[in-house]
Amino acid sequence: MISSRYVSAALALIGFLTFCAPEDSRPKAALTGLEAAQELIFFGEWGAAADSLRSAGRSGADPVTVGLALAHVQLATGHAEPARRWLDAAPVEAQQRSLYHVLRAWLMASDGLALRSQVAARSLLQRHPESIETRVLLARLALQAATMDLQQARVLCSEVLDRVANHRVAGRMLVEAVLRSGDFAEALTLGQQQADKHPDDGYLKMLVGTAALWLGDLPDAIEALRRATDLYADNYADRLKALWLLRQAYNRQGGYPDDLETQYRFYARTDPAATPSVPHFVDVAASLGVDKIDRGRGSSWLDYDGDGDWDLFSVGIHVEHGLYRNDLEGFSEVTQVMHLADPLGGWGASAADCDNDGDPDLFVTRDAWEGVAPNSLYRNDGDAGFTDIADAAGVAGLEASFTATWADFDVDGRLDLYVTNGVIADGGANNLHRNTSDIGIVSFTDVANSAGVDDTLKSIGTAAGDYDGDGWPDIYSVNIGGPNRLFRNQMGASGSLEFVDVAPQAGVVFPVEGGYVTFFLDFDNDGALDLFVSTMSSFEDVLHSSVEGRAVEPNRPFLYHNEGDGSFADVAVLAGLGRSFGTMGAGVGDVDNDGLPDLYLANGGPEMSRLEPNILFLQRGDGTFADVTEAAGVGNLGKGHGATFADYDADGDLDLYAGLGGHYKADVWPNALYRNDGPVGASLSIRALAGGRDILGTRITVHTSSGPVYGHLASGFGFGSTNAPPMVAGLGRSKPERIEVLWPGGKKQTWKGLPPSGHIILHLGQVDPEILSPRHP
Amino acid sequence: MRHPGAWGVVLSVVLLTGCEPEPDTVERQLAASSTQVQTNHRQGLVLNNRGALFLKQNSPRRALNTLVQAAELAPRSPDVHFNLGLVHARLGDHVDAIASFKRSAELGFQQPRLDVAHGRSLRALNHYGQAAEAFTRALQVMPERADLHLHRGEVLRAMGSLDSALSAFGEAVRLDSNLGAAHRYRGELLAASDKQAPATAAYAQAVRVDSADVTALVGHAEALRHLGQQDEAAASLQQALLHAPRLARAHYVLARVAEAAGRPEQASRARRIFQRLTESQRHFDQGLVYARRGQFEAADSELSRAIEVDSSFVTARLRLGALRLEDDRPAEALTVVQQVVARWPDAPEVHNLTGEVYLQLGEPAKALIAFATNLRLDPSSVPSHVGMGRAHFSEARFEEAQTAFRLALNLNPDAPQSYFYLGLIYAHLGRAREAVASLQQCLAVRPRHIEAHYHLGRILGNNGDLAAAREQLARVLTLDPDHERAADRLASLESP
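Line by line, the protein sequences are chains A and B.
Quick note on numbering: the first sequence equals residues 1 to 777 in our numbering.
Quick note on numbering: the second sequence equals residues 1 to 496 in our numbering.
Misleading hints may appear alongside valid ones.
Said to hold, decoys possible - With a straight-line Cα cutoff of 20 Å, these simulated SDA-like cross-link-like pairs (lysine to any residue) come out: (1) A:Lys748 <-> A:Val767; (2) B:Lys195 <-> A:Tyr232; (3) B:Lys102 <-> A:Asp230; (4) B:Lys102 <-> A:Glu261; (5) B:Lys102 <-> A:Ala626; (6) B:Lys195 <-> A:Gly623; (7) B:Lys366 <-> B:Trp344; (8) B:Lys102 <-> B:Arg120; (9) B:Lys102 <-> A:Tyr232; (10) B:Lys102 <-> A:Thr262.
To be verified - A few chain B residues facing chain A, derived, Cβ under 8 Å: (11) Val95; (12) Ala158; (13) Gly160; (14) Tyr252; (15) Phe274; (16) Thr278; (17) Gln417.
These are calculated hints, taken from the structure and not from any lab test.
We put the beta carbon where it would ideally sit given N, CA and C, even for glycine.
The whole structure should be built from the sequences, with the hints applied where relevant.
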């Protein structure tokens, strides 16, 4: 029995402490009305703030003040429409208040007009220099893609915190800005300070954990992420993110400790099927000097110097390009020497011989999400290096270009170029640059409008391929937030370069929301080009589908099987690809030489905390794919983009180059070159040349003892990138019997007397294949 | 005294300087307190039993309200917290369920039922590892429970422990050969490991248990196809398609079976059907995405396209009708539902939707016919009874309306709309006490029912209970600050 005197003393102490407690941490119930609501808004407790405001309204508080504050809460919680309605109907008196104008500016930002919002907010700050809400809005804008200024975000958030020490939103944004700037130690310290002020804030704990992870401070990362997991106990999506990051932290320590509680483990649904023999890859980029750090975008394999091996070209955002000459023993960087050290960088990087002089040229697109900028066409001048002739040739443009694809659309022997534009929603129309070059003069004319392919949606990925086998290359174009297009080439029927969008009839309109990159492939070797389209899903969906083993429709890749009658069937789910990924780049190549193309998905997203592995899907023999990432060793967590294949070491199997790097400057990863160390089956590397040149659109059919293997030569697909031209035809255990090559324009030739494996060149008009010696040259 | 902390000081001073009570008074106070606690506890247990009964009677909302009260009165009863957990789980609130189960365990509830229920809620929240632990604990006490082996197998499979999962499913079927799901899971895992013959046998068992298990039928077909038994595979697929003619996967597998069997025309036909089904499904899914975002026009376009691609897609048609009703276009919704009724008069829910459309069009007589038609097909359809009640109510046929709502409540004692309308009916008939009781029951099930609060406030106010009326009307304004009727009525109550 406790004495009442002790109970009294305890109560007295409680009362005393309550009286003396710092103002900011007083129980919120102690404050009333508008004052309480303002406190709650600073704390970021929107629900309680809204209740408090309504209560204040009923108690007779100024309706304009209450209305403005409620609109503020609505905007902060993503409910722009009710806020807009109130502001539209607000009395004149409301327009005298600075908060009214701040909210108007905020609405502009939520309508996608970030720049206008920023201008308005800056003007407001000049008139009302003490306004906290204006600073908060400007800081939000400084963290958005279109108006990104991390330093400014830091300054603004610091100013807010100087005035309101416990401003939760400003605290979060400050840590985010510092994190994105790459000051991980500072982000960790700041994050911990903010988390101490808001101990129940799971998001701050996630930021601390992320900063610690980037810093390599695994104990702090683990502690913070465990706490975040606890705080997110009833928030499934965020808990999954915390669990995922925690898994990455433990992975770096060698895996989960045996005694780790189950609530801190991330269980991904594994593919139950037995996987075939999986080749193992080793990242040799660093040892070969191709581990460029450039926020990796497009890449191309080309033989720029005509010595028979495959050189590498890699681009990144606002960083000089990288050109690496392949010496078979290794690579030498020759960017400067070849005059390709263009500091503008780029996005898509495709290789094609646009001037028919026998050596590949390079096309680089700009500037995608970063806005409008001219593209570059680097003409290969041999020993003299490369020269940017985009302006002169008429392909520079001034759009926000993302990817491009090459094909001879009018089959006149000159390569044309289709460019996707408008991803920043500025209505930029896609280009179809028809090659009108004459001897010595490279020139193009944009005929997109007359050809009917000047799509003004937010176009992002594109690929060219003759899907209907009529000899005229067609175009597939991926749009974000709109239907994709399958532009069927009508030139064979009409005689003029025209296209008609048949995507609805063909059944290839999807994905509508998050489509990204695309390519044609014949995944089942039936002789008809199928179509792959990736989807960029949210990290929540990716993690959720990883746990559940299936996507939330329609957030998944699409694999369209060509039915041969002009239509396609979406078989992605049946093929085992029915999960969500943040696929920003993708590549196709037969990595195990079984004759069936495999897929590499380069994944990620802009958030610093989004550490999503790239995925290798190996095709089994039954039309399904198995995720063999772990066994293959290619699950890089860097944000993947331009993934391309080449047998750079001429050992008969395909190696993989992955451009890696994120949206923010701090999100840097060295590009990876994964050398294929097998085991793989036998292969025949085939290069089909006409007039000594690789001709885009060439179709190769290798008839083997166990069925045909198809290949086609394309440039500019996936992340506007290019594989090395030779078809590495996987033979498994079968023997090649004959090879048929069909060139654009209808020329055809068949070869027999083939070696069982190795490297060959087929020259149009020559009877025998040219058999290259091992480890050529 | 504005500063809250100051009260603490005052209280402290009073307490410290106040007279110390005499010992016998303290003991009397303590004794009285103890008695009260015991009384509360007993009451709590009574409510606990009542709550459990509500749960058995399929009235989880009422069970929840009762058990919450029980927990307040008997906070240290493990049984109360266990039942509370069951109710939360039944309502899908698994976070709350887990908290209740944990509390129950802390208080000493040791029955394996707790592990089973806890495991189910953990599984629902994808806490696979903890769920597996819970089921394992339960199995230590009840190793003969085949269903627990099945649940354990499911979570092990989800965790990727496939060998353990296979073993668990094997144990499940050993104990109960009629657990179709366990057979099916075994088949799936065996097929995935390329053990097609045993997979076939497992799937066959699943089909034996449930001949309409289309997943098992398709899995069976795939395994048979791998074994080269194309005719048997085709037969299995045909059976699946009898039960689920729109199962895209079945058509796809049928195409492959037909190809392998050298029947190209059949293969081509099956492939075309597969394409049609999947394309329409994609448009349907996209339509749902737009509908969730309130983009009605885009949703309408996608759903329409889904129907255009596959005119037999009844679900898409019904969703389109519902969308147009939601978008306040009842005439257009009517067109859609009439098409469905004409071609598929037995389609589930089409007549209910038709009734809703007619109600919105202000044609209660036709609505009645539609709801009655649905009841002929499904006599236990609660929405049909509620719909009939609303139709009668709109025509002031209160007796008939009461009957309909009572029938609805018989089927689902938790139906808030039934209580709501009964409340309005009683109010019309001047039976205020019953009106208040009904509306309170409505609110017990759905505490945020704005109109129920409003009418309750109105009736209470009319009957002189002004304080209670104000409380209800204030609650309306908390939920919907723009509710003009509530604001006016509150103002009139507050004016002198």
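Quick rundown of the hints versus the structure:
With a CA separation close to 12 Å, the supplied pair A:Lys748 and A:Val767 stays within the 20 Å bound. As the CA atoms of B:Lys195 and A:Tyr232 are separated by approximately 42 Å, the hinted pair breaks the 20 Å bound. In summary, the hint linking B:Lys102 to A:Asp230 is supported, as the alpha carbons are separated by about 15 Å, within the 20 Å threshold. Of the pairs offered as hints, the one joining B:Lys102 and A:Glu261 holds, with about 16 Å between alpha carbons and a cut-off of 20 Å not exceeded.
Of the supplied pair hints, the one linking B:Lys102 and A:Ala626 is violated, its CA atoms being roughly 40 Å apart against a limit of 20 Å. Restraint check: the Cα-Cα separation between B:Lys195 and A:Gly623 comes to about 18 Å, which is no more than 20 Å; the hinted pair holds. Using a Cα cut-off of 20 Å, the hinted pair B:Lys366 and B:Trp344 holds, with the two alpha carbons roughly 19 Å apart. This hinted pair checks out: B:Lys102 and B:Arg120 have alpha carbons roughly 13 Å apart, not beyond 20 Å.
With a CA separation close to 18 Å, the supplied pair B:Lys102 and A:Tyr232 stays within the 20 Å bound. Proposed proximity of B:Lys102 and A:Thr262 is supported: the alpha carbons are some 16 Å apart, at most 20 Å. Interface hint at B:Val95: satisfied, since its Cβ lies 4 Å from the closest Cβ of chain A, which is below the 8 Å cut-off. Taken as an interface hint, B:Ala158 checks out: its beta carbon lies about 6 Å from the nearest beta carbon of chain A, inside 8 Å.
With its C-beta approaching chain A no nearer than about 4 Å, B:Gly160 sits inside the 8 Å limit, and its interface hint holds. For B:Tyr252, the interface hint holds, since its Cβ comes within 8 Å of a Cβ in chain A; the closest pair sits about 6 Å apart. Here the hint on B:Phe274 is kept, as its CB sits about 6 Å from the closest CB of chain A, short of 8 Å. Hint status for B:Thr278: holds, given a least beta-carbon distance of 5 Å to chain A, under 8 Å.
Evaluation of the B:Gln417 hint against chain A yields a violated restraint, the C-beta minimum of about 26 Å exceeding 8 Å.
The structure fails hints 2, 5 and 17 (numbered hints given earlier, in ascending order).
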